[in-house]
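Asker: The chain contents come next:
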Amino acid sequence: DMKVTQMPRYLIKRMGENVLLECGQDMSHETMYWYRQDPGLGLQLIYISYDVDSNSEGDIPKGYRVSRKKREHFSLILDSAKTNQTSVYFCASSSRTGNYAEQFFGPGTRLTVL
Amino acid sequence: KTQVEQSPQSLVVRQGENCVLQCNYSVTPDNHLRWFKQDTGKGLVSLTVLVHENDKTSNGRYSATLDKDAKHSTLHITATLLDDTATYICVVGDRGSALGRLHFGAGTQLIVIP
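These protein sequence lines map, in sequence, to chains Z and R.
With my numbering applied, the first sequence closes on residue 122, and no number is skipped along the way.
With my numbering applied, the second sequence closes on residue 116, and no number is skipped along the way.
Note that these hints are calculated values from the structure, not bench results.
Model, not experiment: these values are computed from the prediction.
There's no promise every hint is true.
[To be verified] In the SDA-like style, the derived pairs of lysine to any residue whose C-alpha atoms are separated by at most 25 Å in a straight line are:
| no. | chain 1 | residue 1 | chain 2 | residue 2 |
| --- | --- | --- | --- | --- |
| 1 | Z | K77 | R | S99 |
| 2 | R | K44 | Z | E38 |
| 3 | R | K73 | Z | D67 |
| 4 | Z | K90 | Z | Q52 |
| 5 | R | K44 | Z | R76 |
| 6 | Z | K11 | Z | S83 |
| 7 | R | K39 | Z | M15 |
| 8 | Z | K90 | Z | Y108 |
| 9 | Z | K70 | Z | Q14 |
| 10 | R | K44 | R | L83 |
| 11 | R | K44 | Z | V27 |
| 12 | Z | K70 | Z | E38 |
| 13 | Z | K11 | R | T89 |
| 14 | Z | K70 | R | T4 |
| 15 | R | K73 | Z | S83 |
| 16 | Z | K70 | Z | Y18 |
| 17 | R | K73 | R | K44 |
| 18 | Z | K11 | R | D86 |
| 19 | R | K44 | Z | L49 |
| 20 | Z | K11 | R | K44 |
| 21 | R | K39 | R | Y64 |
| 22 | R | K58 | Z | K70 |
| 23 | Z | K78 | R | L101 |
| 24 | Z | K90 | R | A108 |
| 25 | R | K44 | R | A108 |
| 26 | R | K44 | Z | R118 |
| 27 | Z | K90 | Z | E110 |
| 28 | R | K44 | Z | H81 |
| 29 | Z | K21 | Z | I68 |
| 30 | R | K44 | Z | S36 |
| 31 | Z | K78 | R | G102 |
| 32 | Z | K77 | R | G102 |
| 33 | Z | K21 | R | K44 |
| 34 | Z | K77 | R | L101 |
| 35 | Z | K21 | R | G45 |
Chain Z with its partners taken away, still in its complex shape (with noise of 0.2 Å):
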């Protein structure tokens, strides 16, 4: 069965205090992708793994980073989280040898900063 799981599904947080997302996937696939998704807004891609240890920021970077250990892992931190990273977080995988780069997403993480 293929998927991608996301823990935790809901979370709060203070401003200032650290956060810890963590993505998995059941499927072997070499790409791993981080977005953000606020109301009225596309998708917007924060960074991409293209496997373990090899990542590259994506169009809004700033105030994220990544961490990618093992191939079905993939981590996204907030160091010191700010009230305008409140967000619904999705992650998402894709094969290099997948349907037109068909990516297999998450249930997203919902994230409040106060």
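Since the structure of chain Z is provided, determine the placement of chain R on it from the hints.
Answerer: Only chain R this time, still in chain Z's reference frame:
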């Protein structure tokens, strides 16, 4: 600058009616276009992908068209069901591989009422 525009922003239809969702884009190159369905609080699920000039696809009650000259796509939903209530997102890929970038529309929120 938004490169993928969807209309309408929201739409309410009665169960059993048909509806048409529009997507206009300015992404270049436009390798492929994919429609996703996003149920409330869930991740994105691919409905169909269009690749070629004047492509047409069909997936059950969902059918889609692509006009690459006009940079325009439509998603038709026939005989809507209550479960069709969701946000439909148009995504344009600039390459056919995972190395490419995806450009997301903000989505059309469809509500199907009894």
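Asker: Which hints, by number, does the structure contradict?
Answerer: Hint check: 8, 15, 17, 22, 27 fail, others pass.
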